[in-house]
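Using the sequences and the hints, build the whole thing.
Residue numbers (my numbering), protein chains in the order written: chain A, 1478 to 1869; chain B, 1478 to 1869.
Incorrect hints may have been included.
Which copy is meant is left open, because identical chains are indistinguishable; a pair holds if it fits in one copy or across any two.
In silico lysine to aspartate or glutamate, EDC-like type, Cα no more than 16 Å apart, as pairs [to be verified]:
#1 Lys1522 x Asp1535
#2 Lys1698 x Glu1661
#3 Lys1522 x Glu1538
#4 Lys1522 x Asp1836
#5 Lys1821 x Asp1503
Rather than coming from a laboratory, the hints here were simulated on the basis of the structure.
Number of protein chains: 2
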Amino acid sequence: MPYHFADRMAYAPESFLGTLFAVSGDPDIISFAGGLPSSELIDTKGITEATRVVLEEDGSEALQYSTTDGYLPLREYIAKRYRQRYGLSATADEIRIVNGSQQNLDLLAKIFLNPGDGVGLEAPGYLGSIEAFSLYQPTFCPVPLTETGPDPNFLEKTMREKTCRFFYGIPNFQNPSGTSYSDEARRHAGLLARETGTIFYEDDAFGELAFDGRARIPVKKYAREYGIISGSFSKIVAPGLRCGWIYAPSEIIAQFDIAKQSADLHSNFLSQKILHRYLTTTDLDQHVRRVASVYERNCRLMGDLIDDIFGGDLIRTHPEGGMFIWATLPKGIDARDLFEAGVKEQVAIMPGMPFYVEDGGHDAIRLNFSNACEDEISEGMIRLKTAFDRCR
Amino acid sequence: MPYHFADRMAYAPESFLGTLFAVSGDPDIISFAGGLPSSELIDTKGITEATRVVLEEDGSEALQYSTTDGYLPLREYIAKRYRQRYGLSATADEIRIVNGSQQNLDLLAKIFLNPGDGVGLEAPGYLGSIEAFSLYQPTFCPVPLTETGPDPNFLEKTMREKTCRFFYGIPNFQNPSGTSYSDEARRHAGLLARETGTIFYEDDAFGELAFDGRARIPVKKYAREYGIISGSFSKIVAPGLRCGWIYAPSEIIAQFDIAKQSADLHSNFLSQKILHRYLTTTDLDQHVRRVASVYERNCRLMGDLIDDIFGGDLIRTHPEGGMFIWATLPKGIDARDLFEAGVKEQVAIMPGMPFYVEDGGHDAIRLNFSNACEDEISEGMIRLKTAFDRCR
Chain A
1478 MPYHFADRMA YAPESFLGTL FAVSGDPDII SFAGGLPSSE LIDTKGITEA TRVVLEEDGS
1538 EALQYSTTDG YLPLREYIAK RYRQRYGLSA TADEIRIVNG SQQNLDLLAK IFLNPGDGVG
1598 LEAPGYLGSI EAFSLYQPTF CPVPLTETGP DPNFLEKTMR EKTCRFFYGI PNFQNPSGTS
1658 YSDEARRHAG LLARETGTIF YEDDAFGELA FDGRARIPVK KYAREYGIIS GSFSKIVAPG
1718 LRCGWIYAPS EIIAQFDIAK QSADLHSNFL SQKILHRYLT TTDLDQHVRR VASVYERNCR
1778 LMGDLIDDIF GGDLIRTHPE GGMFIWATLP KGIDARDLFE AGVKEQVAIM PGMPFYVEDG
1838 GHDAIRLNFS NACEDEISEG MIRLKTAFDR CR
Chain B
1478 MPYHFADRMA YAPESFLGTL FAVSGDPDII SFAGGLPSSE LIDTKGITEA TRVVLEEDGS
1538 EALQYSTTDG YLPLREYIAK RYRQRYGLSA TADEIRIVNG SQQNLDLLAK IFLNPGDGVG
1598 LEAPGYLGSI EAFSLYQPTF CPVPLTETGP DPNFLEKTMR EKTCRFFYGI PNFQNPSGTS
1658 YSDEARRHAG LLARETGTIF YEDDAFGELA FDGRARIPVK KYAREYGIIS GSFSKIVAPG
1718 LRCGWIYAPS EIIAQFDIAK QSADLHSNFL SQKILHRYLT TTDLDQHVRR VASVYERNCR
1778 LMGDLIDDIF GGDLIRTHPE GGMFIWATLP KGIDARDLFE AGVKEQVAIM PGMPFYVEDG
1838 GHDAIRLNFS NACEDEISEG MIRLKTAFDR CR
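Below, the structure is given as structure tokens:
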């Protein structure tokens, strides 16, 4: 049929997902390609009990329509955590509940971007952000990422000389690189945002997964009313509940509400009630420490194996939290070739290309360490070495 | 702060919701203004049991990330119902799960509309569709609605002479009017869609709520590959689960998937699993019959009371299903004045204006009969008459 689609659809980046899905369905393949938290570390028992109580105590309310802004007690819980853990003066009025933090990417692009508007982002950057922003036809202004944050001179030049509606970054344990901003990089980015009047959109999906448990200073602390933080329960409680939030100044929230209401009226109310019940009857800090300690062991093991097995052929990042390691390949080895050789050896990695808005990433791979056990990591790395040698 | 928002935000229609919320919070006010299904008719017990089994049997899977397309067994259930109830040759490949059918409005507008593109719709039309479409800056082409469907000559003129990317309509028990397309109107709309190559986007949130239980012929039956049906579990199971679906040709689904993935990765997986378990262990037809029979009694009572109490001053529609009656006011009475007089008498109605993309609806009101008991309907109508007399 000759359907006519909107021009924006032509801006959707080529998807790598079809290939990945084909791989992820095969149980014989050890996959480091995805971005799933560990299923075993989801507190199914605790969530089941919270669900039971919610449905028993006010089931018909939890199953009815609710308001666009989100469940107030849940928003109050989130605001309190910002006040206590980060010393930010958050209130529930500045918090809104979304269907996982991916929805923030869509809704913030929607309220801020005209076609052609500038959007700053890290290179490499989060694949899902590139997909979401692309449909709003922006002009991407990528800033190279170092092990301590966006290249400071490049960032300064971009923020001062280009008119970006916002800069999107992941200061804590970034996806895909695993790197974090230094304290100085946070201060620099935040002050630049305020000085240039550029929104700093800080995606903090991984901040709670610090191996040392230390709360890093949010860029918003410096950016103030130019700072937006996106948060998620996917990595600390459960992704299937599709529950994240936005923390933004009231003027932005007012526009966000319009976009959210027209997008889907409100987020799943049952999930919000379950989460609130769970969070207020569980020791979240203890749960998160347990998750982070498993991820830390996995990360160390994977990192050490890369160093041992590849003996300097792979240059890798040294994450202090999160779920990903980024590795740079030696000259002459292409990431897509390594992906394909890997599949033949029954190990899957994510090539670097989809994390760039311009050509890039052919010499890099992303490795996920949260969704494999130690044996799988050990065996997978040996398989990856075999694949690597075949690409030489 | 001098934030710069996207141009599209200026196209958001003025919201009446602030006023409505202020009213809905007051327990002394009898409200016919909203659009909620009856909380008492939600099968909390059945859903609770389904939830228990899902979490017990595969809790960690239900709480993990899932795929953008939606839970396959649920999509198969939906496709089968289309085949059996409507004789449409639906397959699971043509079905996608969304966060309530409001999300279809956003995503279909996103994949089809460039700024300025034509969108046909009924006048009066569903408020939420006007809000969602407006952010894509279309040119609205409203077609006056009669008691048997869109004015056929006007519809034909619009479909033939204007270039609409799609026509959005609610053939069954429309929101806000409560009217339905005649069999002839369905055929006419469907054939016109095919002939002119215009998508007919059929929102069927209420089709199952026919008082006589009869399945009406979908417009898609005639429009074929130009037909899209939007469905929802909100009115037949529970709105808080935020679960609806789209049924569309594969080429459209491919674009829809791109938009859905970038919007929020996937719909709530726990809800999808609960729904599937519930639907396959419950007699849905029996449940729906029970809901529809309560709504039918409410509708008759409200309609009769309007005729009795207002004695011809209010001209009303005669719904054969759904949740709404539409009433036209006599000359000289303004819907907003009646709304305000109503609030003083502790009864809330919805003025007609927000259901029009052009100026209109000042002489009409929408009355919801699904979320009030018979006593409330009786008392509310007496209060409305007092308010009405004050407006004279």
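Is it within, between, both, or neither for Lys1522 and Asp1535, if the alpha carbons may be no more than 16 Å apart? between (20 Å within a copy, 11 Å between copies)
16 Å Cα cut-off: does Lys1821 pair with Asp1503 within a copy, between copies, both or neither? The answer is within: 12 Å in one copy meets 16 Å, while 65 Å across copies does not.
First find the shortest C-alpha distance between Lys1522 and Asp1836 inside one copy, then the shortest across copies, and answer within, between, both or neither for a cut-off of 16 Å. So Lys1522 and Asp1836 fail the 16 Å test inside a copy (45 Å) and across (55 Å) alike.
Please work out whether the CA atoms of Lys1698 and Glu1661 approach to 16 Å or closer within one copy, between two copies, in both situations, or in neither? Within. Shortest intra-copy distance 13 Å satisfies the 16 Å Cα cut-off; inter-copy 63 Å does not.
Tell me, please, which holds for Lys1522 and Glu1538 at an alpha-carbon limit of 16 Å: within, between, both or neither? Classified as between: cross-chain Cα gap 13 Å, same-chain 23 Å, threshold 16 Å.
Checked against the numbered hints listed earlier, the structure breaks hint 4 alone; every other hint is satisfied.
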